[in-house]
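2 protein chains.
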Amino acid sequence: MWISELSGRSGVPIPTIKYYLRERLLDHGESVSATRSHYDERHVARLRLIRALVDVAGMSLERVREVLHHIDDESADLHSALGSAHELLSAEPDSDPSEASMDACSQMIADQGWQVSRQSRHRRALAAALDAMSDAGNPISPQTLRNYARAVDDIAAAELAGIPTGDRDVSATYMVTGTVLAEPVLLTLRRLAHENLSSRRFGHNGTVTPPPDDES
Amino acid sequence: MWISELSGRSGVPIPTIKYYLRERLLDHGESVSATRSHYDERHVARLRLIRALVDVAGMSLERVREVLHHIDDESADLHSALGSAHELLSAEPDSDPSEASMDACSQMIADQGWQVSRQSRHRRALAAALDAMSDAGNPISPQTLRNYARAVDDIAAAELAGIPTGDRDVSATYMVTGTVLAEPVLLTLRRLAHENLSSRRFGHNGTVTPPPDDES
Chain A
1 MWISELSGRS
11 GVPIPTIKYY
21 LRERLLDHGE
31 SVSATRSHYD
41 ERHVARLRLI
51 RALVDVAGMS
61 LERVREVLHH
71 IDDESADLHS
81 ALGSAHELLS
91 AEPDSDPSEA
101 SMDACSQMIA
111 DQGWQVSRQS
121 RHRRALAAAL
131 DAMSDAGNPI
141 SPQTLRNYAR
151 AVDDIAAAEL
161 AGIPTGDRDV
171 SATYMVTGTV
181 LAEPVLLTLR
191 RLAHENLSSR
201 RFGHNGTVTP
211 PPDDES
Chain B
1001 MWISELSGRS
1011 GVPIPTIKYY
1021 LRERLLDHGE
1031 SVSATRSHYD
1041 ERHVARLRLI
1051 RALVDVAGMS
1061 LERVREVLHH
1071 IDDESADLHS
1081 ALGSAHELLS
1091 AEPDSDPSEA
1101 SMDACSQMIA
1111 DQGWQVSRQS
1121 RHRRALAAAL
1131 DAMSDAGNPI
1141 SPQTLRNYAR
1151 AVDDIAAAEL
1161 AGIPTGDRDV
1171 SATYMVTGTV
1181 LAEPVLLTLR
1191 RLAHENLSSR
1201 RFGHNGTVTP
1211 PPDDES
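So the sequence lines, in the order shown, correspond to chains A and B.
With the first letter of the first sequence counted as 1, position 44 gets the number 44 in this note's numbering; the numbers rise by one all the way through.
So this note's numbering is basically just the index in the second sequence, starting at one, shifted up by 1000.
The following block holds chain A by itself, in its conformation from the complex (with noise of 0.2 Å):
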């Protein structure tokens, strides 16, 4: 496809298209002539998932750089490229975490029998988000804490099931996206849900009555 046709199918506008390839983060297509070339699926992917990055996970392009480079570094194997690419997804956080969030995280893993690296950034990341509930007031019990992981663990199964096998590009290039694109969608629902409850359990005015026993 030429390069319109690029843009219409991604969504990404000509001029930022061009930038891409200047920037080196699209490859440049096959070339039919000094200014044409054309495009295909993969350029297409590709597109998506930078404004998958960039518009929903709020990266900078630098940081989409190194996503990319993780996924095409053919030498790795995939469970590895998709690891390093999806680890930077969580933001590193700013200071280390308490070791009673870390034992913590440490204890659900074993609980859920979940292989993760030990230096994983989302291990860190989740003990940071476990410290940032205990210093609101409002510290995640171990039983939440395991709820919420089988609940979680449940909804990663049915997406894994779903990723297209074959072809190493388009397993990376979906799983990532889909890990970005499905975040909003996940929370939205629970707002929802919680506007739901909230409706059924305080929606009189004034009172808060106790949640009904024929519910929840």
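Treat the hints with caution; some may be incorrect.
A short list of chain B residues far from chain A (calculated; beta carbon distances all over 10 Å) [claimed, not checked]: (1) Ile1003; (2) Val1032; (3) Glu1062; (4) Glu1092; (5) Ser1095; (6) Arg1123.
Stretches of chain A that chain B covers, calculated by requiring three or more beta carbons in the stretch to come under 8 Å of a beta carbon on chain B [said to hold, decoys possible]: (7) 129-142; (8) 173-187.
I should point out that these hints are in silico values taken from the structure, not numbers from a laboratory.
Source: prediction; values computed, not measured.
Glycine included, C-beta positions come from ideal geometry on N, C-alpha and C.
Assemble the complex: chain A is given as a structure, and chain B must be docked to it using the hints.
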């Protein structure tokens, strides 16, 4: 307590507390002398709420002021107050979501039997998030959306059951703080769950293996 203890308990530096007092984001304490005031637990809770909204939800102080205004509006019942405060957590989409996504949200809400307002900003934010997935070539099926909604509903029900009742201000603060602060916990848990599943499924050099039957 004096301002120094308030600072220690809330983790907010004294100059920042003074700034919030001047900006009327925080009520003045009980004056003891021309220069000293006494503060109580409500001040601690309010400061933690402000920090959660600024640091975790990334809100401007102007938006924080709106949230606090709704929580403090005693003419509204608790659900309306919470609804208005909570609603500000979701950003208003830049453009109108597609009708197809709005319909998919309505269908999911009807399937779940949720009571949420037709004008809910979370509903529009969810539709916009669905549009972003379609635009990226990863559309969510109605089945997946239903699975997400069910998993999230279980999480939310467990969360709401833990809300302290009896004091309007405490309930509202707890609910908004809890919604905001638990979001990074859920997102990082999902990333960890993906890391685990990816390691089981893709963790061999360069090969992509199908998910084992006895797991996932």
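Hint by hint, where does the structure go against what was stated? Just the numbers, ascending. 6
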